[in-house]
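Peer 1: Model the full assembly from the supplied sequences, consistent with the hints where possible.
First to last, the sequence lines map onto chains A and B. According to the numbering used here, the stretch in the first sequence is residues 170 to 722, in order. According to the numbering used here, the stretch in the second sequence is residues 170 to 722, in order.
Simulated from the structure, these hints should not be mistaken for lab results. Even glycine gets a Cβ: it sits at the ideal position worked out from N, Cα and C. Among the hints, erroneous ones may be present.
What the hints assert, rightly or not - In the EDC-like style, the derived pairs of lysine to aspartate or glutamate whose C-alpha atoms are separated by at most 16 Å in a straight line are:
id	chain 1	residue 1	chain 2	residue 2
1	A	589	B	565
2	A	617	A	700
3	A	643	B	700
4	A	501	A	565
5	A	270	A	284
6	A	721	A	607
7	A	589	B	647
8	B	422	B	400
9	A	363	A	284
10	B	589	A	680
11	B	414	B	400
12	B	643	A	700
13	A	588	A	565
14	B	679	B	607
15	B	589	A	649
16	A	449	A	581
17	B	617	B	565
18	B	617	B	640
19	A	588	B	647
20	B	501	B	565
21	B	449	B	583
22	B	272	B	287
23	B	588	A	647
24	B	414	B	472
Claimed, not checked - So the derived list for chain A, only partly shown, Cβ under 10 Å to chain B, looks like this:
id	residue
25	466
26	508
27	627
28	631
29	633
30	642
31	644
32	660
33	686
Stated by the list, open to error - Here are some chain A residues the structure puts well away from chain B; computed CB gaps all over 10 Å:
id	residue
34	258
35	260
36	262
37	279
38	319
39	328
40	330
2 protein chains.
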Amino acid sequence: MWLSRLSAERAWLANQQVRRLSAFTVVTKSRSRHRRRHEEDRKRQHPWLLGLSAAAIGGGLYYAQRRGALQAATQPKGVPGDRVFGYKEYDATEVSKHDTKEKRIWVTYRQGVYDITDFVEKHPGGENILLGAGGSIEPFWQIYGVHKKPEILDMLEEYRIGNLADSGDALKNTEDPYANDPVRHPALKPASLKPFNAEPPLKILAERFLTPNSLFYVRHHLPVPDPSPAEYALEVEGIGIEGTKTLTLEDLKTKFPKVTITAALQCAGNRRSEQNKIKKVKGLDWGAAAIGNATWSGARLTDVLAYLRVDCNDPRIQHVIFDGLDLDPTGKPYGASVTARRALNPGNDVILAYEMNGETLPRDHGYPVRAIVPGVVGARNVKWLGRIVLSEIESDSHWQQNDYKGFCPSVDWDTVDFKKAPAIEELPVVSSICDPADGSEVPIVDGKVFLRGYAWSGGGRKIVRVDVSADGGKTWCEAELVEQEKNTHHFRTWSWTIWQARVPVKPGQKEVELVSKAVDASYNSQPDTVEPLWNLRGVLNNSWSRVKVTLKS
Amino acid sequence: MWLSRLSAERAWLANQQVRRLSAFTVVTKSRSRHRRRHEEDRKRQHPWLLGLSAAAIGGGLYYAQRRGALQAATQPKGVPGDRVFGYKEYDATEVSKHDTKEKRIWVTYRQGVYDITDFVEKHPGGENILLGAGGSIEPFWQIYGVHKKPEILDMLEEYRIGNLADSGDALKNTEDPYANDPVRHPALKPASLKPFNAEPPLKILAERFLTPNSLFYVRHHLPVPDPSPAEYALEVEGIGIEGTKTLTLEDLKTKFPKVTITAALQCAGNRRSEQNKIKKVKGLDWGAAAIGNATWSGARLTDVLAYLRVDCNDPRIQHVIFDGLDLDPTGKPYGASVTARRALNPGNDVILAYEMNGETLPRDHGYPVRAIVPGVVGARNVKWLGRIVLSEIESDSHWQQNDYKGFCPSVDWDTVDFKKAPAIEELPVVSSICDPADGSEVPIVDGKVFLRGYAWSGGGRKIVRVDVSADGGKTWCEAELVEQEKNTHHFRTWSWTIWQARVPVKPGQKEVELVSKAVDASYNSQPDTVEPLWNLRGVLNNSWSRVKVTLKS
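Peer 2: Here it is as structure tokens:
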């Protein structure tokens with residue numbers, strides 16, 4: 170958005186400058202190393218079996234396995250998904266064009282490309298299979314865990330049409346500062362392409378406690394940098410440090426204990442579209458899926474600072490500034506800061522993360538290192554972390570000073586004074602109904618309708634209850650908290666909660682409004698309506714989640 | 170309430186047991202010493218001049234001063250409020266009976282008793298003067314600061330009718346376990362008498378940043394203990410401590426730095442009456458004044474534990490239990506606990522307070538020592554602190570386990586399971602309109618109505634904005650934050666905020682609904698309506714404050 174005001178020429182110049190200033194160039198060798206490790210990490214990954222979704226992609230493949238077994242002799246040999254000699258090579262861009270029945274439905278699995286158009290009709294999960302159309306089937310199989318069985322993988326090979334070419338640079342175009350952006354999963358629904366901002370289908374969020382990396386919402390402000398891990402150097406400076414200290418990626422990985430936390434990240438603009446319906450706001454038209462939950466591994470910030478002999482209790486340090494390696498056209502990095510009271514308390518689990526869900530941090534999520542400040546709005550969890558500054562004052566970046574702040578509904582662009590509101594740090598308690606979708610038709614089972622979703626609160630406040638209603642909020646019942654971190658402290662729980670409920674509906678009703686509201690450990694709960702929360706930037710919408718559905722009689 | 174189920178006889182027996190078990194007896198000598206110090210403290214007190222209320226008690230006295238000057242020759246000599254030889258002695262109970270014009274309106278100032286009935290008519294603040302009827306005028310003069318002038322004090326002496334007798338034990342009745350409760354200011358409106366629970370007139374709360382001690386809401390669960398300061402001993406035990414350590418009041422005052430913080434305390438049941446209107450709940454029918462803001466001085470808990478060589482980072486310590494000296498009929502103390510993550514972090518400012526607003530802690534607020542856990546529900550700020558236990562588990566007290574918890578509106582006394590909800594610790598963000606009162610008639614000035622109130626949030630989250638509406642929440646404007654601690658951290662602000670606003674009303678309107686909603690540093694805000702917050706104990710009502718008024722045309 171900010172960048173969209175620039176002409177193409179200025180953007181191109183900016184890109185050149187980004188490359189010059191960041192002093193990072195593409196080092197093919199180390200990128201390959203990185204990719205190998207990435208795949209090894211993926212192999213180590215657990216097949217989290219949620220057992221919730223029999224009716225999903227490949228559910229049909231499973232039932233069709235006998236046909237596959239009969240045809241086994243005609244299938245390519247070797248490990249399913251391996252590159253198979255003699256097949257045509259397709260890059261990801263080519264695959265992504267095949268996302269409708271008319272254009273044929275292609276999917277990829279590891280190095281395999283498959284045309285599953287003829288299978289779609291047989292898929293018991295129906296349209297669900299189209300979520301993966303034009304891209305990798307793997308993140309969906311992380312969600313619909315029942316598919317990860319040898320017989321299903323063998324079955325998939327029946328539909329092989331080619332190998333997936335190395336397409337990392339398929340979009341490369343030297344005239345476009347975004348040309349070097351990574352390829353994304355086509356299931357991510359873009360709110361903007363340049364910079365890339367996208368959210369996954371809302372429905373999938375409630376199906377898995379950990380959001381798969383490739384389906385995790387992406388929120389960029391600038392083109393994605395491409396630092397080489399070998400040359401990566403994190404600069405640390407400011408109060409209590411003489412000059413500038415640097416730490417390599419290797420330093421972060423080897424000099425400090427590897428700490429793993431589970432934390433949800435949410436964009437301040439999540440559910441902005443509901444504000445847009447009331448009165449147009451400035452900002453990406455996010456649905457309710459600009460949030461995700463993942464494990465993050467890395468070095469604890471306080472360990473790193475102790476190593477640099479910084480006194481974390483030094484009262485002069487009031488803010489910790491994080492600068493990214495993504496630069497704006499003037500050469501200024503994306504930047505943000507958080508209060509030192511939060512960042513310098515080891516109990517607040519701020520980490521410099523190099524892994525996400527046990528995999529190498531993907532480029533879209535800050536490779537090689539990002540700040541994870543759990544309980545805090547996504548915007549302060551700076552990606553491609555280039556510099557940390559221990560400071561008396563906040564970051565002076567545009568995004569800290571003149572964005573990501575909340576205002577009274579009466580404030581407009583003529584009257585707004587960004588100095589009057591504090592930079593968003595913790596986010597308020599929120600929940601969303603992920604399933605069923607607004608406007609859908611839902612079955613009644615034993616007089617009840619089924620709904621599920623996520624709930625989360627900022628500042629480490631655990632979700633203690635989710636209330637749901639099938640009459641627009643007149644009567645309530647309590648949802649079941651089906652996935653939540655166990656034994657975490659009520660004020661040190663960074664991850665979200667997945668909930669579900671079966672709510673009675675009155676006989677004969679044709680339409681109902683389903684509602685959810687969450688309560689956190691401070692007993693804060695969600696406001697009833699969105700109108701009184703409206704603000705010119707469309708941030709901070711944590712009103713009740715409301716979904717209107719028709720009932721199948 | 171809990172005690173109300175006991176027969177009078179059992180209550181009497183309980184009282185005997187309280188006296189026996191607590192091992193504290195009334196030591197007249199030391200009580201007198203205490204009273205002397207109390208008065209010395211009072212003399213040192215600043216005349217906080219808010220300058221907000223010209224139209225209040227004594228405003229009229231001021232205007233009438235010339236008459237007083239003319240009659241000065243007839244006035245008693247000496248310092249105003251001093252005991253004057255030759256006047257009749259009245260105790261506080263006798264004074265408290267004179268609280269209407271029919272019974273004559275008496276007030277006290279220091280050791281003076283005054284009949285101001287004939288002055289009431291001349292008082293420019295009108296009915297305001299009746300707030301002090303039957304009790305001390307001093308707390309109101311703390312609020313309406315303009316009165317603290319020598320000429321007004323001289324004026325007051327004109328109305329002298331007697332001296333105030335030492336009435337500390339006026340209510341004493343050995344058959345009543347509450348007989349030894351202190352005398353309270355008659356302006357406190359009781360929600361229950363035994364145990365004593367009362368709130369001040371709502372209107373006065375927004376008039377002064379610091380609530381005067383004698384007008385601070387009182388919330389007791391049991392009879393008020395009366396420990397002697399000389400014999401007072403705080404016991405500390407549990408993980409990391411061998412046996413039981415004891416600290417005297419003198420130890421707390423002399424061995425540790427005196428720390429002063431400003432913190433609001435709020436009862437979990439504040440604004441319960443709004444829930445009662447929807448469907449009857451169990452609990453005291455509190456209005457919106459079961460909250461107050463004061464400075465608290467004492468020893469920092471972490472300093473005391475360091476002195477006892479406790480490692481505050483010991484991971485075995487999960488909870489800090491506070492037991493009071495107020496005992497139930499079985500001899501079990503009132504008790505509560507807070508999480509160690511909160512209590513053992515010096516940055517959370519938990520103190521063992523022996524002063525309130527610069528005065529010796531009053532008996533009704535925990536004399537000689539109470540726990541102040543700022544940002545946390547009043548119930549955990551244990552008064553008459555007798556014992557601290559460092560523990561792996563929560564307090565097993567009734568009030569921690571089976572009370573002070575929140576539930577879904579659908580939960581009733583047949584289905585409630587207190588184990589399912591966490592004990593309330595931090596409270597959610599709240600605001601209340603203190604002035605005008607619901608149902609009152611208000612003037613329109615320049616097309617606007619004036620309102621003011623308080624706002625506060627738990628967990629140290631500073632109030633960053635208060636929005637107000639004069640059309641039931643359809644349109645909003647921002648209130649002015651007139652009194653707020655300056656330069657405190659956004660996540661370490663324990664005190665409340667006083668706000669005021671002038672909101673436009675549409676011409677020709679006769680009735681409007683005024684609304685306030687506050688926003689805290691985590692950008693949590695108040696829910697729109699009370700119905701979805703309803704719960705069987707009537708706690709945690711932080712819905713929008715709504716006041717219906719008629720407009721003077």
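Peer 1: For each hint, tell me whether it holds in the structure or not.
Peer 2: Each hint tested on the structure:
no. : hint           : verdict
1   : A:589 to B:565 : violated (45 Å)
2   : A:617 to A:700 : violated (30 Å)
3   : A:643 to B:700 : holds (8 Å)
4   : A:501 to A:565 : holds (11 Å)
5   : A:270 to A:284 : holds (10 Å)
6   : A:721 to A:607 : holds (15 Å)
7   : A:589 to B:647 : holds (11 Å)
8   : B:422 to B:400 : holds (15 Å)
9   : A:363 to A:284 : violated (30 Å)
10  : B:589 to A:680 : violated (33 Å)
11  : B:414 to B:400 : holds (15 Å)
12  : B:643 to A:700 : holds (8 Å)
13  : A:588 to A:565 : holds (12 Å)
14  : B:679 to B:607 : holds (15 Å)
15  : B:589 to A:649 : holds (12 Å)
16  : A:449 to A:581 : holds (11 Å)
17  : B:617 to B:565 : violated (52 Å)
18  : B:617 to B:640 : holds (12 Å)
19  : A:588 to B:647 : holds (15 Å)
20  : B:501 to B:565 : holds (11 Å)
21  : B:449 to B:583 : holds (15 Å)
22  : B:272 to B:287 : holds (12 Å)
23  : B:588 to A:647 : holds (15 Å)
24  : B:414 to B:472 : holds (15 Å)
25  : 466            : violated (21 Å)
26  : 508            : holds (7 Å)
27  : 627            : holds (6 Å)
28  : 631            : holds (8 Å)
29  : 633            : holds (5 Å)
30  : 642            : holds (6 Å)
31  : 644            : holds (7 Å)
32  : 660            : holds (6 Å)
33  : 686            : holds (7 Å)
34  : 258            : holds (50 Å)
35  : 260            : holds (44 Å)
36  : 262            : holds (40 Å)
37  : 279            : holds (43 Å)
38  : 319            : holds (43 Å)
39  : 328            : holds (48 Å)
40  : 330            : holds (50 Å)
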